[in-house]
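J.: Given chain G, put chain Y in place with the hints provided.
One line per chain: the protein sequences are G and Y, in this order.
Residue numbers for the first sequence follow this note's numbering, beginning at 156 and rising by one.
Residue numbers for the second sequence follow this note's numbering, beginning at 156 and rising by one.
Quick caveat, the hints were computed from the structure, so don't treat them as lab data.
These numbers come from a predicted model, not from an experiment.
With a cut-off of at most 30 Å between alpha-carbon atoms, the simulated BS3-like pairs for lysine-lysine come out as follows:
| # | chain 1 | residue 1 | chain 2 | residue 2 |
| --- | --- | --- | --- | --- |
| 1 | G | Lys233 | G | Lys246 |
| 2 | G | Lys265 | G | Lys203 |
| 3 | Y | Lys246 | G | Lys270 |
| 4 | G | Lys270 | G | Lys246 |
| 5 | Y | Lys233 | G | Lys265 |
| 6 | Y | Lys246 | G | Lys203 |
| 7 | Y | Lys265 | Y | Lys246 |
| 8 | Y | Lys203 | Y | Lys270 |
| 9 | Y | Lys233 | G | Lys203 |
| 10 | Y | Lys246 | G | Lys265 |
| 11 | G | Lys270 | G | Lys203 |
| 12 | G | Lys216 | Y | Lys265 |
| 13 | G | Lys265 | Y | Lys221 |
| 14 | Y | Lys216 | G | Lys246 |
| 15 | Y | Lys233 | Y | Lys221 |
Simulated DEER-style distance windows between Cβ atoms:
| # | chain 1 | residue 1 | chain 2 | residue 2 | range |
| --- | --- | --- | --- | --- | --- |
| 16 | G | Ser237 | Y | Val268 | 18 to 28 Å |
| 17 | G | Asn182 | Y | Leu169 | 39 to 49 Å |
| 18 | Y | Glu263 | G | Ser288 | 29 to 39 Å |
| 19 | G | Asp178 | Y | Asp179 | 39 to 49 Å |
| 20 | G | Val268 | Y | Arg227 | 23 to 33 Å |
| 21 | Y | Asp179 | G | Arg266 | 31 to 41 Å |
The beta-carbon is built from N, C-alpha and C at its ideal position, and this holds for glycine as well.
Here is what each chain is made of, one letter per residue.
There are 2 protein chains.
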Amino acid sequence: MRDSYTVEPIGHVLCSRSEAEDDDWDNETSEIILDLTRIDEDATAGLKDFSHIEVIYLFDKVRDEKIVSGARHPRGNKDWPSVGILAQRGKNRPNRLGATICELQQVEGKRLVLKGLDAIDGTPVLDVKPVMSGFLPRSEITEPQWAIEIMSGYWN
Amino acid sequence: MRDSYTVEPIGHVLCSRSEAEDDDWDNETSEIILDLTRIDEDATAGLKDFSHIEVIYLFDKVRDEKIVSGARHPRGNKDWPSVGILAQRGKNRPNRLGATICELQQVEGKRLVLKGLDAIDGTPVLDVKPVMSGFLPRSEITEPQWAIEIMSGYWN
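Isolated chain G, as found in the complex:
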């Protein structure tokens, strides 16, 4: 038997975008509303001393039959190479986990105000972590050309 684990949202995303779109995420100001039945209000004590947080969330709208376990063209675009699902960041992935670093603009009780969270309204949030410089890459990053092209209009 395969091992499995249960995760429960600690909160949900509140924002104006209700459908998955590929680009222009910086136009959104998003909030995370923490669920105080799952986490205490002082779970965010000291968080505002960090400029950025990483949000781990779940692409809950992705249906099982859409999950890719092999390779595909990112966004279905044949100008880019067919690469494995672990070599891209698309949502149709095993376990449907998203992880995004965003700017923390405000912390107000159970409410976090963010810029640059690429998750739609209602998305279940599984974790929030502070971005520490010590956890960013410690050596130079290289990436393929398609990874630069795919991000060209992503934030804006």
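T.: Leaving out everything else, chain Y in the frame of chain G:
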């Protein structure tokens, strides 16, 4: 009723460290062995074009009663302020998720060889994502002094 989701490991960590320790993680060379009943071998196609990956994993050794849902001193060290569990990256957290950026040294079939993965032997891996420059912070990072101090011997 609260919503919950099931996640299943796509692989496991193989490394020489079998107990959680706080420091010196760069001394470890770790591997992820993918589970080919959960994911296809071509899931890693093209991954080697990235120098770094982010690994999402589960601190499966943390028992429920150890999970912190409020605030505490990081590592129990009173020299550092008591801050919320969402303002630190310790393992005793709701949903027990870890997320670490590490260097990808080799991809060989179902085997990924890594440097800088701070997870012990046997840790369930839930996701692997390529590190794209477009997903790193796009504005200057600030963090409190304790977050710099706590990382001083972490990698080495």
